[in-house]
Amino acid sequence: MNKDIEEIPEEELITRLCNGEESSYIFLMRKYGRRLYAIAKRYTNSDEDAKDCVQQTYIQIFQHINNFQKRSSLWTWMRRIIINISIQTLRSKHRSQEIPIADLLPDFESDNVRTETNWQFNESVDVIVSMKESTEIVRNAIYGLPQDYRLVLLLRDIEGYSTDEVADILEISISASKTRLHRARSALKKLLEPLMSLKGGDIIK
Amino acid sequence: MNKSIRSLIFKIPYMLNCREFEEFIDDYIDDSLPASVSKKVYLHLLACGDCRSYISAYKRSIEMGKALCDKLDSEIPEDVPEELITFVLENIKNKDSKEE
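So the sequence lines, in the order shown, correspond to chains A and B. Numbered per our numbering, the first sequence spans residues 1 to 205. Numbered per our numbering, the second sequence spans residues 1 to 100.
Quick caveat, the hints were computed from the structure, so don't treat them as lab data. Computed from a prediction, not measured in an experiment: that's the story for all the values here. It cannot be assumed that every hint is accurate.
What the hints assert, rightly or not - Selected chain A positions facing chain B (Cβ under 10 angstroms, derived; list incomplete):
#, residue
1, I14
2, R30
3, F62
4, Q97
5, I101
6, A102
7, R114
8, T115
9, E116
10, T135
11, K178
12, L191
13, L195
14, K199
All C-beta atoms in this analysis are idealised placements derived from N, C-alpha and C, irrespective of residue type, glycine included.
For reference, chain B alone in the conformation it holds in the complex:
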């Protein structure tokens, strides 16, 4: 649907325009839309292919962020360095002996 037709549709009472719709994007993708706006949001999405495209890219970027973090996590070595364990144990002992 071209821009000028969308622009007209969004002037119909009850219809959200794209800027108003923007406010509900996170509730929409997190499936937590307040019941009072749910119909308006779905109606906007039905009428607006650009917002549908926007949401698909918005969701995909969150997935990319998650996939990156999974990848970075998987690169961390399995074993906890012995020096870290020793450091913590020494530190705890020192603190204990100070308290005594």
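The following block holds chain A by itself, in its conformation from the complex:
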């Protein structure tokens, strides 16, 4: 029975889901569970919350599959649901310690001129991020950003949503979506300066 479920077209999978076939539910959970979990973890930064979000997402998907309009792929629809649920979960929690954004924005001299280090990049980004100490610095930088800014950064730069889509997801204006992205990226850059010129053998102070 249903040996071929992995090969059926999405259209038919949706029909089976609409018919409430348990095997199609299980298939969908096995196929996308890990990817959904990764997204939820990124927003909630907690294993337990991420697992709850995945459960809630699947329950919502199975309950509302009949309303799925097929204007997008099934995955696009599912991804949007888990992002909404993860953001709701995050907002319901007590906020962790955040660095005020104003402290992290670029400085200019009085004549509006920038003074910047002439960076020399010695290692690839992948090498830097694979080093244990720097992994923690990047993680702390992202999760130290104020929540409203971190959300825009994750939605734009990691998920790849457009400025307009981000505005829609967060229910903010398009100009706020743009401004927050720029501030978030500027703040991240400032927090990651200690890693810019790192060499493989360096110990970060």
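Fit chain B to the given chain A structure using the hints.
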């Protein structure tokens, strides 16, 4: 180019100073500069090594963020926990039976 020379250049009409240039950084790196400002932005970058350095570090920090997320994603176990599947199925069944 030292700071005082840059400061003078940025006073030339049509030239953006660094603070004005700042507003266009995201459009520049996302390759979506409005045509009306594109030349001004490139002209500023040509004249300003500090903004060129700034942009290279700014782009690199975005890449680091992406690389971190890829790394964290890759650490997630392959298999979906059976208890999660059971929980969802039970929940759906309960809801169905309530509706009937």
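These are the hints, each one checked on the structure:
no.: 1; hint: I14; verdict: violated, 16 angstroms
no.: 2; hint: R30; verdict: holds, 5 angstroms
no.: 3; hint: F62; verdict: holds, 5 angstroms
no.: 4; hint: Q97; verdict: violated, 19 angstroms
no.: 5; hint: I101; verdict: violated, 15 angstroms
no.: 6; hint: A102; verdict: violated, 15 angstroms
no.: 7; hint: R114; verdict: holds, 4 angstroms
no.: 8; hint: T115; verdict: holds, 6 angstroms
no.: 9; hint: E116; verdict: holds, 4 angstroms
no.: 10; hint: T135; verdict: holds, 7 angstroms
no.: 11; hint: K178; verdict: holds, 7 angstroms
no.: 12; hint: L191; verdict: holds, 8 angstroms
no.: 13; hint: L195; verdict: holds, 7 angstroms
no.: 14; hint: K199; verdict: violated, 15 angstroms
Checked against the numbered hints above, the structure breaks hints 1, 4, 5, 6 and 14 and satisfies the rest.
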